[in-house]
Amino acid sequence: MEMLSMLKVGYTVLRSETPATDLVNTFMDWAARRSLLLLALFMPPYHVYKLAASAAATVAPEDVAGKVVLVTGASSGIGEHLAYEYAKRGASLALVARREASLREVADHASALGSPSVLVLPADVSKPDDCRKFIDDTVAYFGRLDHLVNNASIWQVCKFQEVEDVNYFRTLMDINFWGHVYPTRYAIPHLKKTHGRIVGVTSNSSYIFIGRNTFYNASKAAALNFYDTLRMELGGEVRITEIVPGVVESEITKGKMLTKEGEMKVDQDERDAILGPTPAEPVAAFAKTAVKDVCRGQRYVFEPRWYMAVYLFRVCFPEILAWSSRLLTVKTLGRPATTDTVGRQILDMPGVRWLTQTASLRSPEIQAR
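Per the working numbering, residue 171 is the first one in the sequence shown, and the count goes up by one each step.
The hints are simulated quantities; they were obtained by calculation from the structure and are not laboratory data.
Check each hint, because a few of them may be wrong.
Restricting the straight-line Cα-Cα distance to at most 25 Å, the calculated cross-link-like pairs of lysine-lysine (DSS-like) are [said to hold, decoys possible]:
1) Lys303 to Lys362
2) Lys297 to Lys430
3) Lys237 to Lys501
4) Lys458 to Lys329
5) Lys501 to Lys435
6) Lys363 to Lys237
7) Lys362 to Lys329
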């Protein structure tokens, strides 16, 4: 009966001299509504394939010993600890960040952990010339490039309507988006030669509606879509893994942010207003899992794993996700301070902060480097 109905629609469209594109779109609308039946048939064999591929990757992961890995944003936090995990696996490292003294400390520790050679490259990922130079310098020094880990990032916390000048946040987009694009552009020719890998560290903010994070969310979503599209374009020439962190111990989650006035400072009240009681993962544990999954060839690495469930809510129940995010990160329930969100009020309940924050996040001090 449905097919007969579809034929009647097509006949009507043809008789009415409607453009042929209307017939095509009408058919596509009809087919899309019934695609769930095909999905139900497709899912079981697809999951069997994924399990088999995952098992094979677990048995024979990529050996990065002797390979060359470049990590941006390597002076602290996630980038620093990703470098340590690669060092433990015997990879040579090129470390990029603006703070040279901090980079040298990381380099010394990476060498002690097993990296045979570490190159320190002070640079700003928001500047194309700097990116071209640190890629060229890495290849000139080591003779190759196998993994490019784009990690550099800064955070912004404030509601859009509180922003005094949106131009304050160009820096955020320059680092969080263009800081992934520029190194990737210059690295691809070298990565093709080694059949290498791009590792893009994005964020759960790429797909979750997080209040008070307007520009940060947008920058991370742009980076995620950049990598998804690039993976399709490159095919198997260069592999791409996207690491999607949740709340992970770092300078960002310790409260370092770009404020509504466009200033970079530490504000743990604003940090608590947005993160609330969300449990933080120690950065060392995060990095260990992330690099393990990168070497297993995973396309996406959600860590902590439970954020995959949040992603499903984004796809299947976006209204519920938006409502809960607004409740926790925007609503203040009549409190006078804008940082007294519901999430912050839950965090301040007895014992909650101790359960959900690492010791470094509870400290009022941020590591100098």
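Checklist entry - Is Lys501 close enough to Lys435, meaning Cα to Cα at most 25 Å? => result holds, 24 Å
Next on the checklist: Next pair to validate is Lys303 with Lys362; report whether the Cα-Cα distance is within 25 Å.
Outcome noted: At roughly 19 Å apart (the allowed maximum being 25 Å), Lys362 and Lys303 satisfy the hint.
Checklist entry - Going straight from one Cα to the other, do Lys458 and Lys329 come out at no more than 25 Å? => result At roughly 34 Å apart (the allowed maximum being 25 Å), Lys329 and Lys458 break the hint.
Checklist entry - Can the restraint linking Lys362 and Lys329 be considered satisfied, given a maximum Cα separation of 25 Å? => result violated, 42 Å
Checklist entry - Does Lys363 pair with Lys237 here, judged by a C-alpha cut-off of 25 Å? => result With Cα atoms ~13 Å apart, Lys363 and Lys237 stay inside 25 Å; holds.
Next on the checklist: Against the 25 Å threshold, does the CA-CA distance of Lys297 and Lys430 hold or violate the hint?
Outcome noted: Holds, because 24 Å separates the two Cα atoms, which is no more than 25 Å.
Next on the checklist: Given the hinted pair Lys237 and Lys501, is their Cα-Cα distance within 25 Å?
Outcome noted: violated, 49 Å
The earlier numbered hints that this structure contradicts are 3, 4 and 7.
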